[in-house]
Amino acid sequence: MSSETKQILTTDGIPLEVSLKKAEKKNKIKAFLLVAPLLLFLFITYVFPIGEMFTRSVDDKMITNMLPKTFKAMENWDGKELPSEEVFAGFYYDFKVLVENQTQGKLGQRLNKEKNGFNSITKKLMRQIKRNKIDESQSIKEQIMKVHKRWGTVEYWQAIKRTAPPYTMAKYLKGMDMYFAADGSIAQVDEDRRIHRILWLRTLEIALFVTIFCFLMGYPIAHLLATLPMKYSNLLMICVLLPFWTSLLVRTASWMILLQQQGLVNDFFVMIGLVADNNRPEMMYNKVGTYVAMTQILLPFMVLPLYSVMKTISPSLMRAGKSLGGTPFIAFWKVYFPLTIPGIGAGCLLVFILAIGYYITPALVGGASGTLISNQIAYHMKSTLDWSFASAMGLMLLSGVLVIYWIYNKLVGVDNIKLG
Amino acid sequence: MSNNPEFVKFDKVDKSYDGKVLVVKDLQLDIAEGEFITMLGPSGSGKTTCLMMLAGFETPTNGEILLDGNIISNIPPHKRGIGMVFQNYALFPHMTVYENLAFPLRVRKMEKDEIDKKVDKALSMVSLNGFETRMPGQLSGGQQQRVAVARALVFDPAVVLMDEPLGALDKNLRESMQYEIKHIHESIGVTVVYVTHDQSEALTMSNRIAVFNDGKVQQLSNPAELYEKPVNSFVAEFIGENNTFDGEVAEISGDECKINLSNAEIIASAISVKSKGEKTTVSLRPERALIEPNEKMDNMFSGRIEEVIYHGDHTRVRVNLLGNSEFILKVPNSTSNLELKVNQDIKIGWNSSDARALDPK
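Chains A and B are the protein sequences, given in the same order.
Counting along the first sequence from 1, when you hit position 168 you're at 168 in my numbering, and nothing is skipped either side.
For my numbering, add 1000 to where a residue sits in the second sequence, where the first one is 1.
These aren't lab readings, by the way, just hints derived from the structure by calculation.
Treat the hints loosely; a few may be bogus.
What the hints assert, rightly or not - Some residues of chain A that are not near chain B, with every Cβ distance over 12 Å (derived):
#1 K26
#2 V35
#3 M53
#4 E81
#5 F118
#6 V275
#7 S316
#8 Q376
#9 Y405
Said to hold, decoys possible - List time: in silico DSBU-like cross-link candidates among lysine-lysine, alpha-carbon distance up to 30 Å:
#10 B:K1020 / A:K334
#11 B:K1279 / B:K1258
#12 B:K1258 / A:K231
#13 B:K1079 / A:K334
In this text the structure is predicted, and so the values were computed from the model without any measurement.
We treat Cβ as the ideally placed atom computed from N, Cα and C, and that holds for glycine.
Chain A with its partners taken away, still in its complex shape (with noise of 0.2 Å):
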């Protein structure tokens, strides 16, 4: 069009432009307030407790709060040699608020997190303290020191000093089995008390492993469904659904039954004489039975996509690859093959990402060995009640999920996914 083109006008004289703007952002509107509640609904239940967990997993206000004097003291402190007077004097004041308010023992916890020692050495101070025993009069710096010797090494100074910043990474450390040292550098904890890196890899082993069974299993599955007749295709699809509707802890329960020591497929052994009745396998309690509990539970979710994948795939082009003088093999590996990959991608993300936060199935049947990080996220909810540290791991979590979606996502191409 040239640009001596007369703009158009509608007949009541306002460029079509304009009024063609006009009525698209009615149904813009309309539009928008439609998919309003999703997404409202969305933020409450996903971005708002992500933010959550996010601040509550680096929060560390509690004794930034407690210790306001202390920390302005400190900021003049090298943190070599021990603190001066100001400091210790500050501390004191600082403290003294804690003890009448009967808050003190929550530092005390929170600072022997940072160096053990700290719980007993803070009652001490605190006892002194109630029995007026500080006279505020002389050096506070001489008296504190006296009631412990600890007050008096640099090293629990300098590990007030750390606790000084209203945010910590203190405990995504903690989740890779990681702390900061005295001097602030990051540390490893000691081998036999890394138990959180045995989860990750533990996690992340069960889950490839349950991704690449549920594979090997619904791949046959998935084709069979696709190419046979619809009469029989709908009763397989059936069998397939049926543990989608049945509860999650209905099929746990049944393959605890199945897998105990007395349990049938034991007794089945036994009986075609596969194993001695007195030296029962423990299939139970240990990875074997996450193994076989995940599997059989995610492998719906890799069967759905494959199938409805595979189903559109026509017939004839396998018949086209044999027929061009393709071995059964070659028309199957060059040709069907490659054109289920979007579904081998689906299912085997769905059933990674769902396996690596698993938390029911492994709680129930995996036993000490077959545990993963979820649970020990849970137990933290639960047991220690140590809320920040649940969340920095679910954090963790998610990041590595998020992590393995982008891997994902340069190999295959998530716009090559098809979930149905």
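Since the structure of chain A is already known, use the hints to place chain B on it.
Only chain B this time, still in chain A's reference frame:
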């Protein structure tokens, strides 16, 4: 090329899917080398089953199929070396045009240079050079069809099977593709077995046509003979347009016979009638009946025009003749055209050699 008249041979082939109904009955069919043969028939007549048996995707329940003298019934499809063009092309959607064409060559472990040469040749045959890197999804229906044809031919198969390959194309494209496939066949001399339910397609393309119905070949002959000389009423009805009279044989004398209709007697060629009193259906092509003929014809009757439809190059006239109100006449569009009006009475005549007394419908 030695023209082996029995290059492909169906020898007493039966096929049943469920053990109750025979889809193909006692099929006896010889296909000569280099021939373009079409299997034509309504859906469910067994023609596609025959093709699938030849390709190796179905096995005959009974009888043998021979290719160049060798029994192939037990050879799997990939070892038969038969090219096939499928109904919906069946191009591999994840491969480029080049890769699609190279597939049959790669599985035959050919050298890269040779593959390139053959692919190039096959593409130029269907005039699609320069499309090597396109994906099938980026091609139009006609182009996909050409790629499918090229792919079926690229490995120089002895026989190419085509299963309604033009069914998904629009009318104009279909017609131009018909000629294109015909020309490719003529230029490379490959044996083609073509399946369609479109009779005009069959007439245009084939050397010979096998008309299938009810699992049997009703007639096997060249297009002209099939149209001019159908051997039974099914073929007469299925190929082209057809006027029919049902009657009884009154008299047979040599090639000719007299047929008694309810209200008249007509003369026809005796094709499948043997004796007096037999029931028969007489078939007559619309263009063989003339209005107000100048010369003397052995069948002359008068009828009333029921409907006149203008078709551009010709006019279709529906006439009530001898109790048959569906009698169709085709009047070519020429300057000396008669005035034809509904309810007008006209004289209609035809020669007995064009009216064929066939089996009763």
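Evaluation of the provided hints:
1. K26: holds, 36 Å
2. V35: At about 31 Å from chain B, V35 of chain A clears the 12 Å cut-off, so the statement holds.
3. M53: holds, 42 Å
4. E81: Given a closest Cβ separation of 71 Å, the condition holds.
5. F118: holds, 65 Å
6. V275: Holds, because the least Cβ-Cβ distance between V275 of chain A and chain B comes to about 44 Å, which exceeds 12 Å.
7. S316: violated, 4 Å
8. Q376: holds, 43 Å
9. Y405: holds, 23 Å
10. B:K1020 / A:K334: This hinted pair is violated, its Cα atoms lying about 38 Å apart.
11. B:K1279 / B:K1258: holds, 12 Å
12. B:K1258 / A:K231: violated, 57 Å
13. B:K1079 / A:K334: Given that 30 Å is the threshold and the Cα spacing comes to 17 Å, the pair holds.
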